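Novice: Assemble chain B onto chain A, guided by the hints.
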Amino acid sequence: MDSITTAASVVAAGLAVGLGAIGPGIGQGSAAQGAVEGIARQPEAEGKIRGTLLLSFAFMESLTIYGLVVALVLLFANPFAG
Amino acid sequence: MLVFPLLQPENDSSKEDQRELETLGESSQSTESNLNLGPVMEASIASSDEYVQLQQRIFRAALLVSALAVAITAFFFESQVAISLLIGALSGVLYLRLLARSIGQLGTSSKSVSKIQLVVPVVLVLAVSKLSQLELLPALLGFLLYKPSLIFQILLESRSRASS
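Protein chains in written order, with our numbering: chain A, 1 to 82; chain B, 1001 to 1164.
Same shape as in the complex, but just chain A (with noise of 0.2 Å):
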């Protein structure tokens, strides 16, 4: 691999997990601070709001995942690697 290509592929490794993360990590933010208001209101509620969070949460980290599976193969497995 060459040098062009390294360096690529490291600066294409950070913006992936840097860009990928910005979106969900504000998404998991407001949600998880409105579930546990919440919860502070209607703690009977709490199973019913736990649930939701860990539904959306796996949708949401999921973006963040994408990004960080894109970083690792350009990392360690990368396909322009010639």
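Hints listed in this document are in silico derivations from the structure and should not be mistaken for laboratory results. Everything numeric in this text was worked out from a predicted model, so none of it was measured. Hints are not guaranteed to be accurate.
Unchecked claim - Below, a list of computed lysine to any residue pairs in the SDA-like style, where the Cα atoms sit at most 20 Å apart:
| id | chain 1 | residue 1 | chain 2 | residue 2 |
| --- | --- | --- | --- | --- |
| 1 | B | LYS1115 | A | GLY29 |
| 2 | A | LYS48 | B | GLN1153 |
| 3 | A | LYS48 | B | SER1158 |
| 4 | A | LYS48 | B | THR1108 |
| 5 | B | LYS1147 | A | GLY27 |
| 6 | B | LYS1111 | A | PRO43 |
| 7 | B | LYS1147 | B | LYS1130 |
| 8 | B | LYS1147 | A | SER56 |
| 9 | B | LYS1130 | A | LEU68 |
| 10 | A | LYS48 | B | PHE1152 |
| 11 | B | LYS1115 | A | THR64 |
Said to hold, decoys possible - Beyond 12 Å from chain B on every Cβ pair, some chain A residues (computed):
| id | residue |
| --- | --- |
| 12 | ASP2 |
| 13 | THR6 |
| 14 | VAL10 |
| 15 | VAL11 |
| 16 | GLY14 |
| 17 | LEU19 |
| 18 | GLY23 |
| 19 | PHE80 |
For every residue, glycine included, the Cβ atom is placed at its ideal position computed from N, Cα and C.
Specialist: Relative to chain A, chain B alone:
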């Protein structure tokens, strides 16, 4: 002289109002002290049980989907691909278990959702890239096999809400 008798009853009424307010305050204090939090705690415990049951349903569905996918893959493809898919599916279930545990701890023992579950896909990709017996694409597809069970669970919940 004329003003004083007119003011006198007003003073009396204000004193009565003050007494009423004092008695109301005493009664509200007594109700606060006798406030029974038992039903709220029971409802909260029942709600926690509901969350545990939801987790168990999701894990069962994820394991069922994973077993079906691995069986179909083993029938149509090589055993190496099926093993990679199986390892990915088990990693997905482990990831979901860690996520559920960190959400269960939110608000009780921790103030934020931990990110320890993100170690699972990192270790999976690293292991697949280092071990030549495993393949990357089946492992990643296997890792994402927990999603159909989640979608199925959401559809079930929305249907039960619509029927109720």
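Novice: Has the given pair, B:LYS1147 with A:GLY27, been kept, meaning a C-alpha gap of at most 20 Å?
Specialist: holds, 19 Å
Novice: Taking only the CA atoms, is the gap from B:LYS1115 to A:THR64 under or equal to 20 Å?
Specialist: Within the cut-off at roughly 11 Å; holds.
Novice: Does A:VAL10 sit more than 12 Å from chain B, CB to CB?
Specialist: holds, 16 Å
Novice: Are B:LYS1115 and A:GLY29 close enough, with their CA atoms no more than 20 Å apart?
Specialist: holds, 12 Å
Novice: Take the C-alpha atoms of B:LYS1111 and A:PRO43, compute the straight-line distance between them, and say whether it is at most 20 Å.
Specialist: holds, 17 Å
Novice: Taking 20 Å as the top limit, are the C-alpha atoms of B:LYS1147 and A:SER56 close enough?
Specialist: Cα-Cα ~11 Å, so holds.
Novice: Check whether the Cα positions of B:LYS1130 and A:LEU68 lie no farther apart than 20 Å.
Specialist: holds, 17 Å
Novice: For the pair supplied as a hint, A:LYS48 and B:SER1158, is the alpha-carbon distance within the 20 Å limit?
Specialist: holds, 13 Å
Novice: Is the nearest CB of chain B more than 12 Å from the CB of A:THR6?
Specialist: holds, 16 Å
Novice: Please settle this one: A:VAL11 was flagged as non-interface, so is its CB more than 12 Å from every CB on chain B?
Specialist: holds, 19 Å
Novice: Take the C-alpha atoms of A:LYS48 and B:THR1108, compute the straight-line distance between them, and say whether it is at most 20 Å.
Specialist: holds, 16 Å
Novice: Under the criterion that the straight-line Cα-Cα distance not exceed 20 Å, is the pair A:LYS48, B:GLN1153 satisfied?
Specialist: With Cα atoms ~13 Å apart, A:LYS48 and B:GLN1153 stay inside 20 Å; holds.
Taken one by one, the earlier hints fail for this structure only at number 7.
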